[in-house]
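Participant: Assemble the whole structure, with the sequences as input and the hints as a guide.
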Amino acid sequence: MILPDEQECPCCGGALHCIDSDISSRLDVIPVRYRVVVTSRPRMACRAGSDGVFQAPAPRHIVPSGLPTEALIADALVRKYADHTPFYRQAQALRRQGIEIDRGTMCDWAGKAAAWLGRLTSRMKADLLTGARLFVDETTAKVLAPGTGKVKTGYLWTIARDDGAHGGTDPPAVVYTYMPGRGRVWAEKLLGDFTGIVQCDGYGAYKHLEAPDRKAGPGTFAFCWAHVRRGFFDNAKGGNAPVAEEALRRKARWVCEQAHQQLKEELGLDHFEGRSWQGLHRHCLMCMIALPFLQSRRLKQVEGEKRIPGPPPQPSLPAVRRAILNALAQPPPTQCSRCRNIIHPENLPK
Numbered sequence: 013m014i015l016p017d018e019q020e021c022p023c024c025g026g027a028l029h030c031i032d033s034d035i036s037s038r039l040d041v042i043p044v045r046y047r048v049v050v051t052s053r054p055r056m057a058c059r060a061g062s063d064g065v066f067q068a069p070a071p072r073h074i075v076p077s078g079l080p081t082e083a084l085i086a087d088a089l090v091r092k093y094a095d096h097t098p099f100y101r102q103a104q105a106l107r108r109q110g111i112e113i114d115r116g117t118m119c120d121w122a123g124k125a126a127a128w129l130g131r132l133t134s135r136m137k138a139d140l141l142t143g144a145r146l147f148v149d150e151t152t153a154k155v156l157a158p159g160t161g162k163v164k165t166g167y168l169w170t171i172a173r174d175d176g177a178h179g180g181t182d183p184p185a186v187v188y189t190y191m192p193g194r195g196r197v198w199a200e201k202l203l204g205d206f207t208g209i210v211q212c213d214g215y216g217a218y219k220h221l222e223a224p225d226r227k228a229g230p231g232t233f234a235f236c237w238a239h240v241r242r243g244f245f246d247n248a249k250g251g252n253a254p255v256a257e258e259a260l261r262r263k264a265r266w267v268c269e270q271a272h273q274q275l276k277e278e279l280g281l282d283h284f285e286g287r288s289w290q291g292l293h294r295h296c297l298m299c300m301i302a303l304p305f306l307q308s309r310r311l312k313q314v315e316g317e318k319r320i321p322g323p324p325p326q327p328s329l330p331a332v333r334r335a336i337l338n339a340l341a342q343p344p345p346t347q348c349s350r351c352r353n354i355i356h357p358e359n360l361p362k
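My numbering puts the first residue of the sequence shown at 13, with every later residue one more than the last.
These aren't lab readings, by the way, just hints derived from the structure by calculation.
Check before you lean on any hint, since a few could be wrong.
Computed Cβ-Cβ distance ranges for the label pairs, DEER-style [said to hold, decoys possible]:
1. D175 / R108: 41 to 51 Å
2. K124 / F66: 28 to 38 Å
3. T181 / G214: 21 to 31 Å
4. G208 / R131: 18 to 28 Å
5. R226 / L39: 48 to 58 Å
6. P184 / E18: 11 to 21 Å
7. G216 / P76: 39 to 49 Å
8. R101 / S134: 27 to 37 Å
9. K162 / K124: 26 to 36 Å
10. L39 / E222: 48 to 58 Å
11. G229 / P254: 34 to 44 Å
12. Q104 / C21: 51 to 61 Å
Fair warning: this is a prediction, and the values are worked out from it, not measured in the lab.
Here a beta-carbon is modelled for each residue, glycine too, at the ideal position from N, C-alpha and C.
Facilitator: Below you can see the structure in the form of structure tokens.
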């Protein structure tokens with residue numbers, strides 16, 4: 013609060029009273045501060061008796077008898093794995109604060125924290141495997157090959173749950189598991205006795221779930237619509253696949269109809285059929301916004317080809333209106349590509 017220098021009325025000399033206030037907001041930051049937490053455990057004894065000495069047990073820590081608190085370890089892990097700040101840079105930042113900690117020591121902290129977090133991961137995985145459906149995907153991960161001085165290719169497998177679109181009550185969750193390969197044996201190890209629905213990109217390692225002689229019983233192997241449509245696009249490129257072209261046309265019509273209905277609801281045009289000037293103006297404005305969007309979509313579709321086959325199409329205004337929200341709508345959770353987006357390397361900050 014900043015008060016004026018004058019506290020008395022220049023006319024009558026009376027005290028000034030607040031009648032209103034101008035409030036402004038600015039973003040500020042409190043720099044990180046490190047502190048030393050001292051724990052005292054007094055030893056207690058009776059002066060009159062001789063039954064021994066009493067003392068509270070020492071609290072358990074991730075690093076027994078070590079320097080860091082659990083909060084410091086969590087901060088280091090978040091900086092490394094969420095913010096992608098290597099330990100050597102964190103050590104440099106600590107050095108500026110007058111704290112000398114070697115990055116090798118921080119690596120030891122990470123290892124001990126991983127052992128504790130492994131218990132939580134196991135519980136999360138067990139909870140996921142009791143659900144009705146899972147999204148599964150895998151991606152490559154470079155890992156060190158001890159003794160060779162090189163790296164080898166491993167795989168990060170992920171199982172995810174998101175039942176929001178199905179009216180489910182289970183909370184969303186994701187668990188990552190590293191495995192050295194991506195064959196059937198690793199898929200079996202990952203899913204264990206799960207007998208629900210597994211939705212993936214169609215990779216053959218998951219097909220064993222439907223085997224009638226499976227020990228835990230057959231499960232359900234579901235494909236992903238996002239991956240199925242890729243085949244239609246690939247077949248339609250040659251220009252001699254009428255079935256694929258018809259599938260693409262029907263898909264485009266369905267998307268337009270869904271976007272059209274959503275657009276009318278959001279703009280309040282549920283009952284508008286050209287009878288309101290205000291609604292007409294809104295309609296025209298959204299059409300003008302959608303036109304460059306559809307043109308850019310067309311350019312992106314052909315940017316991988318050697319040449320662009322003619323100028324981008326000029327869609328009619330009604331078609332633009334139906335497609336406007338295609339850029340704003342999130343993909344439905346029934347696509348396992350959401351699982352892929354979680355783990356794929358290009359989605360990580362550089």
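Participant: Within 51 to 61 Å or not, the Cβ separation of Q104 and C21?
Facilitator: Taking Cβ atoms as reference, Q104 and C21 lie about 58 Å apart, which means the hint holds.
Participant: With 39 to 49 Å as the target window, see if G216 and P76 comply at their CB atoms.
Facilitator: Distance hint for G216, P76 holds at roughly 47 Å.
Participant: Has the hinted range 27 to 37 Å been met by the Cβ atoms of R101 and S134?
Facilitator: 31 Å, holds
Participant: Taking 11 to 21 Å as the stated bounds, is the beta-carbon spacing between P184 and E18 within them?
Facilitator: 58 Å, violated
Participant: Between R226 and L39, is the Cβ distance one that fits in 48 to 58 Å?
Facilitator: The hint (48 to 58 Å, Cβ to Cβ) holds, given that R226 and L39 are roughly 56 Å apart.
Participant: Okay, K162 versus K124 on CB: inside 26 to 36 Å?
Facilitator: For K124 against K162, whose Cβ atoms are near 27 Å apart, the range 26 to 36 Å holds.
Participant: Given the range 41 to 51 Å, decide if the beta-carbon distance of D175 to R108 lies inside it.
Facilitator: 47 Å, holds
Participant: Using the C-beta atoms of L39 and E222, is the stated range 48 to 58 Å upheld?
Facilitator: For E222 against L39, whose Cβ atoms are near 55 Å apart, the range 48 to 58 Å holds.
Participant: Go ahead and decide if the range 34 to 44 Å is satisfied by the Cβ distance of G229 to P254.
Facilitator: With Cβ atoms ~42 Å apart, the hint holds.
Participant: Hint says 18 to 28 Å; check whether the CB-CB distance for G208 and R131 agrees.
Facilitator: 24 Å, holds
Participant: T181 and G214, beta-carbon distance inside 21 to 31 Å?
Facilitator: Once the Cβ atoms are compared, 29 Å apart, the range 21 to 31 Å for G214 and T181 holds.
Participant: Given a hint of 28 to 38 Å, does the C-beta separation of K124 and F66 actually sit inside it?
Facilitator: Roughly 30 Å apart at Cβ, these two residues keep to the hinted range, so it holds.
Consistency note: the structure conflicts with earlier hint 6 alone.
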